[in-house]
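Q: Taken in order, these protein sequences are the chains called G and C. So in this note's numbering the end of the first sequence lands on 509, straight run, no missing numbers. So in this note's numbering the end of the second sequence lands on 1067, straight run, no missing numbers.
Only some residues are given here: those of chain C computed to face chain G with a beta carbon under 8 Å:
1. TYR486
2. ILE1050
3. GLY1053
4. ILE1057
5. GLY1060
6. ILE1062
7. VAL1065
If you're looking for bench data, these hints aren't it; they were derived computationally from the structure. Predicted, not measured: the structure shown is a model, and the values here were computed from it. Beta carbons: idealized from backbone N, C-alpha and C, even for Gly.
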Amino acid sequence: MTGNEILALLPFVLVVGLAMAIVLVDIIAPHRDELVTVVGVTGLLVALAVTVIAGPLPSGVGALPAGGQQVLGGVYARDGLTAFLDLLFIVIALLSLLFAVDYLKPRALPMAEYSATLLFAISGAMLLAGGRDLLILFLGLELLVLPGYMLAGYAKRDGLSTEGAIKYFLLGSFSSAILLFGFALTLGFTGSTRIDGIAAKLAPIVAGQAPISIGLAMALALLTTGVAFKIAAVPFHYWTPDAYQGSPTPVTGYLSVGPKVAAFALILRLFVVALAPLKGDWLPVVVILAAVTMTLGNLVAVTQDNIKRMLGYSSIAHTGYMLVGLAAFAGAPVGSTAESQGLQAMLFYFVAYTFMNLGAFACVAALQRRPGVTSQIASFAGLGRRAPLLGLTMTLFLLSLTGIPPTAGFFAKAYVIIAAVQTGGWVGVLAVIMMLNAAAAAFYYLRIVVYMYMRDAPENARPLTIGAMTRAGLVVAATGTIVIGLLPPITNAVFDMARQAAQAVL
Amino acid sequence: MDTGSLDQWLVLALLGLPLAGFGLTALFGRRMGTKAWIIAVAAIVAVWVAAMYLVDQTLFQHAYGDGGLHFRLYEWIPAGSFQVDVNFGLDALSAVMLIVVTSVGMLVHIYSVGYMAHDPGRWRFFAYLNFFMFSMLLLVLADNFLLLFVAWELVGLSSYLLIGFWYRRRSAALAAKKAFIVNRVGDLGFALGIMAIWTTVGTLNFGDVFTRLPQLLASGGIQEWQMIGICLLIFAGAVGKSAQFPLHVWLPDAMEGPTPVSALIHAATMVNAGVYLIARTNPLFAEAPEALVVVAAIGIFTAILAASIALTQTDIKRVLAYSTLSQLGYMFASLGVGAYVPAIFHLVTHGFFKGLLFLGSGSVIHSVDEEQDMNKMGALWRRIGITHVTMLIGSLAIAGIPPLAGFFSKDEILGDSFKNGFIWVWGIGVVVALLTAFYMFRLMGKTFYGPSHVDPHVEPHIHESPKWMTIPLILLAIAAAVAGLVLGLPFDGGLIHQWLDPLFSATESVLGHGGSTFQIAGIDGVLILVSTAVAAFGLFAAWRLFGFFGIGPQAARVAAVTDRFKGLYTASKNKWYFDDLNDLLFVRIGGLLAAGLWWFDVHVIDGTVNGIASLTQSSGRGLRQVQTGHVQNYALGIAAGLIVIALGYIVLVTR
Chain G
4 MTGNEILALL
14 PFVLVVGLAM
24 AIVLVDIIAP
34 HRDELVTVVG
44 VTGLLVALAV
54 TVIAGPLPSG
64 VGALPAGGQQ
74 VLGGVYARDG
84 LTAFLDLLFI
94 VIALLSLLFA
104 VDYLKPRALP
114 MAEYSATLLF
124 AISGAMLLAG
134 GRDLLILFLG
144 LELLVLPGYM
154 LAGYAKRDGL
164 STEGAIKYFL
174 LGSFSSAILL
184 FGFALTLGFT
194 GSTRIDGIAA
204 KLAPIVAGQA
214 PISIGLAMAL
224 ALLTTGVAFK
234 IAAVPFHYWT
244 PDAYQGSPTP
254 VTGYLSVGPK
264 VAAFALILRL
274 FVVALAPLKG
284 DWLPVVVILA
294 AVTMTLGNLV
304 AVTQDNIKRM
314 LGYSSIAHTG
324 YMLVGLAAFA
334 GAPVGSTAES
344 QGLQAMLFYF
354 VAYTFMNLGA
364 FACVAALQRR
374 PGVTSQIASF
384 AGLGRRAPLL
394 GLTMTLFLLS
404 LTGIPPTAGF
414 FAKAYVIIAA
424 VQTGGWVGVL
434 AVIMMLNAAA
444 AAFYYLRIVV
454 YMYMRDAPEN
464 ARPLTIGAMT
474 RAGLVVAATG
484 TIVIGLLPPI
494 TNAVFDMARQ
504 AAQAVL
Chain C
413 MDTGSLDQWL
423 VLALLGLPLA
433 GFGLTALFGR
443 RMGTKAWIIA
453 VAAIVAVWVA
463 AMYLVDQTLF
473 QHAYGDGGLH
483 FRLYEWIPAG
493 SFQVDVNFGL
503 DALSAVMLIV
513 VTSVGMLVHI
523 YSVGYMAHDP
533 GRWRFFAYLN
543 FFMFSMLLLV
553 LADNFLLLFV
563 AWELVGLSSY
573 LLIGFWYRRR
583 SAALAAKKAF
593 IVNRVGDLGF
603 ALGIMAIWTT
613 VGTLNFGDVF
623 TRLPQLLASG
633 GIQEWQMIGI
643 CLLIFAGAVG
653 KSAQFPLHVW
663 LPDAMEGPTP
673 VSALIHAATM
683 VNAGVYLIAR
693 TNPLFAEAPE
703 ALVVVAAIGI
713 FTAILAASIA
723 LTQTDIKRVL
733 AYSTLSQLGY
743 MFASLGVGAY
753 VPAIFHLVTH
763 GFFKGLLFLG
773 SGSVIHSVDE
783 EQDMNKMGAL
793 WRRIGITHVT
803 MLIGSLAIAG
813 IPPLAGFFSK
823 DEILGDSFKN
833 GFIWVWGIGV
843 VVALLTAFYM
853 FRLMGKTFYG
863 PSHVDPHVEP
873 HIHESPKWMT
883 IPLILLAIAA
893 AVAGLVLGLP
903 FDGGLIHQWL
913 DPLFSATESV
923 LGHGGSTFQI
933 AGIDGVLILV
943 STAVAAFGLF
953 AAWRLFGFFG
963 IGPQAARVAA
973 VTDRFKGLYT
983 ASKNKWYFDD
993 LNDLLFVRIG
1003 GLLAAGLWWF
1013 DVHVIDGTVN
1023 GIASLTQSSG
1033 RGLRQVQTGH
1043 VQNYALGIAA
1053 GLIVIALGYI
1063 VLVTR
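My request is simple: use the sequences and hints to build the entire structure.
A: Here it is, written out as structure tokens:
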């Protein structure tokens, strides 16, 4: 193996190693939550640095060539997209660790188990980000979701948590099987498991030299269903509310972001590269899925009184918005700028969504630090006065989720809508639906703000203390949310990274 | 920023200081207790000093030339062809606005220290007030439509927060909502106008828009109706913000807010934003004279409508609110007839005297234990001397009695209407001048000169307000007295004309106005005499009916006059039934429609939604159901989805 090949694999290896190190630490020095957190955070920061050093990032940052570095005979590659997504996954892991410490401790839930499981899941996500072979992709996917099931059922003595985890596991396995079946059919019809190999085999269909067969259509249907489940698109979202509500709040935060973005990484490799020649065929399905997903997610979110369920449905709606970016790619002519803009917008959305959604869940977790605080929206009554800074931070995340300038969420939505409008046609209609949805969503996000500032706190409310780790995490998330929205150099930097990442799959 | 000169930093300081004041007061004000005002007031005093320097640079030193100071802070929205910068502009128009906004703003802040001294929410009040100042300054300094629109919404938000400041009072909360919703109607038009501008010229910077749109029109790139449409859409925003007919209904209700807010936001600054907007976009309106006629018509109609309502109201603040509507109507009429400088002139003088009158009314209300009904006042002039004298100056100023401020600006409006050929505007305007003098001295009579109807329990406690409140009153009274002389003399050539004429001369020449010279011994002298005589007549009539110093009121005569015009009187008292019309249209008929939609929502949408929600709901039902029920349903749902998608693909590939 050459040095570059090692460097390409290093971030992934580091995270896997870190997960194992944490297991070891826990064996040597059990129940040392602080130690575990320090090891975890330090390790992730190292991984973050290595990922930056490896690159390839815009303006020549990173040691690897801008075109990417293939490893293991080409089944895995570190290109712009891998670097972009890996950075994001490490940030997700970092924030998920920081937010969990103060929540788990009062509940006597072991931090080491949580950290190790989370890091294994993240390593799966990182494998997905660079996978260029169906087998690697499937491996990555299972490495991502299996720890996810464990995390969902991690509060073993909590009936809701276990129930949600089992449902998540059963339905998740079902969908994995569907996806695997789709892989099998794809292999059968193209004779390749390589992403670019499949694309090459499918190219003649676009050129009109070969008809698309019913079998291939079945493969498309299975693949679509499989990934739609993983990103929690309607009507394959049934598992989300239960899994989200039952899980410990920091886990819910992770589940609403990590697996979703990772599943989109799968979509980027599978649909955007391998199935790109058929994009005219899957476009209508994505358009309908996007429209249904955001509309239903928002409609149901409006009726929720439980904040975790509400944010769960809101994350479904955000899935819909991200799909609009995908549709903007698929609807645009091959090689056009609109094609690239759709993907950039989607990637940008991931970044904004990571900060604001994890941040919002972290605020819920901070509020619930003392066991027994319910997830009812009424728990937020008077928070603006009980804990002004927490209230302000939550407001920031909610405004960003709504899409109000100058937050990251605004630019995320704006870029997606602009890309969709440029593509036009039915995707343009989708942009209109998205705008209507964003307006409707303001209702339930701002309802929380109303509760925080216009309702009085319950008489027996006890003072809130926010742990140092949570505080640090909130600072990171809030800074990300505001800086990406307010400071154009940062906005542009993120956008440039998204552009380079999009180029890797175009 | 392009270059980092001191003046640019000062412009930024104008925005940064109140914003910092807002942040600090919001964070620490609560802990500062009765001293919560310190940061906020200090910030605004600093803003005033900086603003005066900039005003001096702009208007007296001509440091930036006729075009003004323009600079870009940063690129705000870089998205392909859609690019908007955060850029600011400071020209003569902005500078004149700065004078009013910062001066009245500073005095209102100082006044509020006294007025809000006993309110436990004072830190919130000062924080909001600072936030408003930030928004308003952003509004006058913005150099593109989008930034202006942001500020436009921010002042709306501050106004909403401050009207509903006493949010536990239902009427205040409702009034805040009403203001917000009515404003949205106008803002929708404005937003559409901005979008129309962007789609036609592809930029939102003022300078570019003002040169390119007329060019496009000249070269046939757009039709005339499009130009008129854009102007009318912009005007819709102005109608909402400046409370012109038919969106005038929110302003009187906005008086539910604390009185300093009424003075600052709902008299001297924010409500003028519409006038500023039309003046700012004058190069567009120059190409659409038809739109200007609409502006004039709406303005003068609002002027007489509001004045007629002000005649019969008994709440002291409501009289002033309707008076504000009426005076704003004057300003729009002035813009509509192409008299831009007089409109801004009136904006300035009105800012001073109406701010003064509102603050004075606050002082009156304060002295009679928060009573606002003029029927429960009277004979106050000996008891609260400073308030009385300052309000008398304000009333004489608004009535248009020379040589006070209102005389000069109002007279220029009426004179230009006449000379620019809008005789009907002039005619109605003269009637409004009569009504103005009458209702103001009705207010003065009922409050200060007539017999006392003050509650006997309150009577012994009547007291002059503290110095915090009287000093701003005195300063504003001086401004209301001399602003006209300083700015308006010589007629049609005073300072205000020297400052602003270069800005509007192009537009005025396109419209074909402004050629005539001022003839004191000719038509202009006659017009001045007419309007002054009319104002004096209104003043004397009110004095006869409602009393003035020693002269007692004639209650019997008032009753007789009221009786004679019973129909008109009731109609005016009921504000020409606009609230009832809105109630019928939007609350009752709209309510029925909404109820229908609600039914649809509950039975059809919620039914569907709840169906899906309950399908996914299993909280608290225990593990048992994992084996028996829902997971199978979920899996079934997924399978059904798969089948639908598969069928969809088959249809797609075999088509």
